[in-house]
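> Chains A and B are the protein sequences, given in the same order.
Counting from 1, one number per residue, gives the positions in the first sequence under our numbering.
Counting from 1, one number per residue, gives the positions in the second sequence under our numbering.
Some clues are possibly wrong.
Claimed, not checked - Listed next, the stretches of chain A that the computed footprint assigns to chain B, with coverage defined by at least 3 CB atoms under 8 Å from CB atoms of chain B: (1) 91–98; (2) 118–126; (3) 185–199.
Keep in mind that the hints were calculated from the coordinates and are not lab data.
Bear in mind the structure is a predicted one, so any value in this text is a computation, not a measurement.
Built from N, CA and C at the ideal position, the CB exists for glycine as well.
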Amino acid sequence: MRWIVAISLVGTLTAGLWLGVPARGQHVPALGYTRVIEAQRSADFKWEDAKKGTVKGSLAFSARRAQAPIVVFMQREGGDGKFSVPPALKVSQVGARFNPNFAVLVRGQKARFLNDEKKEIAHNVYFLGAVEVDLGIFDKGEEAEHEFAAAGEVSVHCSIHKNMDGKFFIAPSPAYARVEAAAESFEIKDVPAGKYKLKTWQRQKRFKDVEIDVTIEAGKEADVAVNMTR
Amino acid sequence: MDWPPGRAAMHLPAFAAVLLLLTIAHGCATTPVFPDPRPDSGQIVVSLEGVPREGVTGPKRETIQADYSSYSESVERGKAFERVRYDALEDVIVMVARRDAGAVYPVPSSVDSRSGPELMLSSRGFVVDGDPCVQHPHEWCGLLQFNVRNWLHEPAELYIEGDRGELRTVSIAPGERAELMLPSGVHVITTDAIDGATCKVFATDQGAVREMRAGRAELFNLLRPGEYEISVYAPRLPVVHQGVTVEAGKRTEFTAELTVNHLPKAGR
Numbered sequence: 001m002r003w004i005v006a007i008s009l010v011g012t013l014t015a016g017l018w019l020g021v022p023a024r025g026q027h028v029p030a031l032g033y034t035r036v037i038e039a040q041r042s043a044d045f046k047w048e049d050a051k052k053g054t055v056k057g058s059l060a061f062s063a064r065r066a067q068a069p070i071v072v073f074m075q076r077e078g079g080d081g082k083f084s085v086p087p088a089l090k091v092s093q094v095g096a097r098f099n100p101n102f103a104v105l106v107r108g109q110k111a112r113f114l115n116d117e118k119k120e121i122a123h124n125v126y127f128l129g130a131v132e133v134d135l136g137i138f139d140k141g142e143e144a145e146h147e148f149a150a151a152g153e154v155s156v157h158c159s160i161h162k163n164m165d166g167k168f169f170i171a172p173s174p175a176y177a178r179v180e181a182a183a184e185s186f187e188i189k190d191v192p193a194g195k196y197k198l199k200t201w202q203r204q205k206r207f208k209d210v211e212i213d214v215t216i217e218a219g220k221e222a223d224v225a226v227n228m229t230r
Numbered sequence: 001m002d003w004p005p006g007r008a009a010m011h012l013p014a015f016a017a018v019l020l021l022l023t024i025a026h027g028c029a030t031t032p033v034f035p036d037p038r039p040d041s042g043q044i045v046v047s048l049e050g051v052p053r054e055g056v057t058g059p060k061r062e063t064i065q066a067d068y069s070s071y072s073e074s075v076e077r078g079k080a081f082e083r084v085r086y087d088a089l090e091d092v093i094v095m096v097a098r099r100d101a102g103a104v105y106p107v108p109s110s111v112d113s114r115s116g117p118e119l120m121l122s123s124r125g126f127v128v129d130g131d132p133c134v135q136h137p138h139e140w141c142g143l144l145q146f147n148v149r150n151w152l153h154e155p156a157e158l159y160i161e162g163d164r165g166e167l168r169t170v171s172i173a174p175g176e177r178a179e180l181m182l183p184s185g186v187h188v189i190t191t192d193a194i195d196g197a198t199c200k201v202f203a204t205d206q207g208a209v210r211e212m213r214a215g216r217a218e219l220f221n222l223l224r225p226g227e228y229e230i231s232v233y234a235p236r237l238p239v240v241h242q243g244v245t246v247e248a249g250k251r252t253e254f255t256a257e258l259t260v261n262h263l264p265k266a267g268r
């Protein structure tokens, strides 16, 4: 057992002189806070050309689960390949709230932030986590867009308004399922045949995240039982 | 009382002198005063400066028409539009840790974890010595080993998620205390027992942790000379890291800017 105790001594009352120019520090991406998902693109592999299968799974929990979504996603051995992404996610900011304030996107997908306030109120959007970028300040009626090139967890904030926060999870490919709090099963369709790691990400972590080897065969269903334990 | 112009002008230098003395006195009162470093150890002084995002202007105002008059009011009304006060950012955690192995301070001769602060779980959520650990943005700087007491009338299961994704669970019976031992890093403690209860713990075995606010400076004193890493965690802001060298008999100063201005700007 070790206690680290800071002892502060009170000196005499003298004017404090700051000698030299203090260092200002450097911003370093907060990788320690987040889980960046390493995703590989294999240039030879195209989803549209591949024969596909389906993953059907069940979720079981060793204890009470959190009332928050879980994302089940697949990572292909050898790289996730080239795939088409869904249209841009539209995010409203009316009332100084991001709506939706939680979303699952696919790597390469865009999010479009619209300042749809009713009054002349400016907002700013910046991200921390797997992506760390500032989209700038935009006035009522203006919008900003960002393409998420990296997979992982991203927190969304406004630097002007202190309660304006959101969270995105960027899946490495379209092979994912968002499992809501009450659901105990999932299905991921149109997954190119191949060997995968099935993984989980929890909006509110209560269990250890899993990693399961899954093989997808063309035209067939792969059954997976996901057991979340502590 | 009307003074003749000449007499007023005579007293002007006196007024100016009094004003100058008051300004100096105020400056002395607010400037932090730290002791000189000892010859065999060093110091780090960390200052926090909150810097708003560049280009942000004040809220617009609109004219409200009342029955018999009109007045001007901000268009940003309500809690949702509360602005960040960068000059008064609170709950900023500053961690000073050695980059190499070895203790930062001399180890006290007798150590008893039971005499230290305790993290308590009550109907208010997580509470430390009267200060609540709320979901956001309040965090608690803690040590590697500390006690958690369950003041609820039911068993509580705590989930401790580390910054490397690892998860620990601890079960505590009602009224009982458990000893938690964590590795260095940032940990988030949650529980199902109280909805929304969260406590973030910053633990280090090679340094010191302080809770600070913008505009203040803190002294880390009696440090063994060597290479240190200063890490500054402010809610909703990028983490700031700085490596510094501590030399015997010297003070090293570092000012951390709490800002988003250094984030890469994306095109629109």
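> Would you mind marking each hint as holding or not holding in the structure?
Hints, one by one, checked against the model:
no., hint, verdict
1, 91–98, "holds (count 3)"
2, 118–126, "holds (count 6)"
3, 185–199, "violated (count 0)"
Checked against the numbered hints given earlier, this structure breaks only hint 3.
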